[in-house]
Amino acid sequence: MVPLSYYLVLSAILFTCGVAGFLIKRNIISIFLSIELMLNGVNLSFVAFAAQWKAFSGQVFVFFVMVVAAAEAAVGLAIIIAVFRTRETLNVDRVNLLKL
Amino acid sequence: MIHLILFSIFGIVCVAGAVNLLVQRHPINSALSLVVVMGSLAAEYMLLGAEFVAAIQVIVYAGAVMVLFIFVIMLLNAGEEEQTRGSRVAQLFGIPGMLIGSALVAWVLVAHSGTQAVPAGALPGPPKTIGWLLFHDYLLPFEITSVLVLIAIMGAVVLASPAQAIQQSKKER
Numbered sequence: 001m002v003p004l005s006y007y008l009v010l011s012a013i014l015f016t017c018g019v020a021g022f023l024i025k026r027n028i029i030s031i032f033l034s035i036e037l038m039l040n041g042v043n044l045s046f047v048a049f050a051a052q053w054k055a056f057s058g059q060v061f062v063f064f065v066m067v068v069a070a071a072e073a074a075v076g077l078a079i080i081i082a083v084f085r086t087r088e089t090l091n092v093d094r095v096n097l098l099k100l
Numbered sequence: 101m102i103h104l105i106l107f108s109i110f111g112i113v114c115v116a117g118a119v120n121l122l123v124q125r126h127p128i129n130s131a132l133s134l135v136v137v138m139g140s141l142a143a144e145y146m147l148l149g150a151e152f153v154a155a156i157q158v159i160v161y162a163g164a165v166m167v168l169f170i171f172v173i174m175l176l177n178a179g180e181e182e183q184t185r186g187s188r189v190a191q192l193f194g195i196p197g198m199l200i201g202s203a204l205v206a207w208v209l210v211a212h213s214g215t216q217a218v219p220a221g222a223l224p225g226p227p228k229t230i231g232w233l234l235f236h237d238y239l240l241p242f243e244i245t246s247v248l249v250l251i252a253i254m255g256a257v258v259l260a261s262p263a264q265a266i267q268q269s270k271k272e273r
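So the sequences go chain by chain: A and B. Residues in the first sequence are numbered from 1 upward in steps of one, following my numbering. Residues in the second sequence are numbered from 101 upward in steps of one, following my numbering.
This is chain B alone, in the form it adopts within the complex:
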């Protein structure tokens, strides 16, 4: 019972944050409501017994990625978004589409999935098990993601540096 209550509380906070992200005009407000969504999702992961995922959700997502977003929003001094004709058309079709789509998916999942209840803390597995899987069964994908992150860092540096800086470094060579 307490599991269901906690699930509902954090689920409502989560959905409220997601809707607030859509409603807010200013990107910084959207970013902060996404932080709320991520925090309550971390609580949901704890309810499912996924401690490791909850920890990296808070540290990597809410900590690192969102700080990067907020840095960029402040760096570019992004203001309120301006309305154009295209966005009004998108609103007209997007909101009913979203409502119909989510109602349909919810109905199908609740009525026809035939799944059992998930007990609280269903996975007794400590992060040790995840580490074992990560470095044994999924060692190759893990190493590939490290290469991917390295490429992403270099790409970000090249893309974000001004064009003159790149030309200058070419001349120096």
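Looking at chain A on its own, in the form it has when it is part of the complex:
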């Protein structure tokens, strides 16, 4: 028997790791990976609460989060490819102008 709060702590640790990666990392792909980590942390708390209250809707919402994450990954990686094609860099500090 594991208390629900342990699951929530694990999910919070994953989320804060994601936030820290988002702030620390300078490679645009690593920043994107940190966003995925945050989404995973949120999913864990969804499933833990679903188990706590025996509500299956939580798992359905995890499904929706995953669909949105997949769509976001597809579009985001396409944007990364477009940025790399025009600027030849993945460092976000060098991508600071809208106009080329």
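For the record, the hints were derived by calculation from the structure and aren't laboratory data. Backbone N, C-alpha and C fix where the C-beta goes; we use that ideal spot for every residue, glycine too. Be careful, since some hints might not be right.
Pairwise CB distance ranges, derived in the manner of DEER restraints [stated by the list, open to error]:
#1 A:94 to B:171: 20 to 26 Å
#2 B:128 to A:57: 34 to 40 Å
#3 B:239 to A:55: 16 to 22 Å
#4 B:203 to A:88: 40 to 46 Å
#5 B:159 to A:96: 35 to 41 Å
#6 B:261 to A:88: 15 to 21 Å
Stretches of chain B that chain A covers, calculated by requiring three or more beta carbons in the stretch to come under 8 Å of a beta carbon on chain A [said to hold, decoys possible]:
#7 106-117
#8 123-135
#9 148-158
#10 161-170
#11 194-207
#12 226-240
Given the structure of chain A, go ahead and fit chain B onto it with the hints provided.
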């Protein structure tokens, strides 16, 4: 007891993967440690009795999304990230901020949440129940996500195709 042991093992693997994602310089190493995080999260979902979520976590997340990431990393030949002044400032504030934030959240959750223990395999619901919910109660959101995915696919194709290809197809029309 065995539930707690399994939870701790997979939780430690999960956190180690997440920290490794932060520490690694090379994006491919970060991506592979994220795969480790997702695999151990799937095990946590199994402990909670969410078989369907565990399966799609492995198939969709660790399988499809991460393969897409690794394809892009290899396609762009992404190397080690270079350090700039901005990133050192972010490290200086980010790491203590993360530690304080996670300690605070953990303390609040453990001390003040007042929740009961979650039994192993708490949800006896098979994927059948999820399918029923998905196609009855959540039919409209489900259909909307299918439209969203379609738009995302088209957007990805348009964004990733070279500019000349788009102009050429306009001329042909």
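Hint-by-hint comparison with the structure:
| no. | hint | verdict |
| --- | --- | --- |
| 1 | A:94 to B:171: 20 to 26 Å | holds (23 Å) |
| 2 | B:128 to A:57: 34 to 40 Å | holds (37 Å) |
| 3 | B:239 to A:55: 16 to 22 Å | holds (18 Å) |
| 4 | B:203 to A:88: 40 to 46 Å | holds (41 Å) |
| 5 | B:159 to A:96: 35 to 41 Å | holds (38 Å) |
| 6 | B:261 to A:88: 15 to 21 Å | holds (18 Å) |
| 7 | 106-117 | holds (count 4) |
| 8 | 123-135 | holds (count 4) |
| 9 | 148-158 | holds (count 7) |
| 10 | 161-170 | holds (count 5) |
| 11 | 194-207 | holds (count 8) |
| 12 | 226-240 | holds (count 6) |
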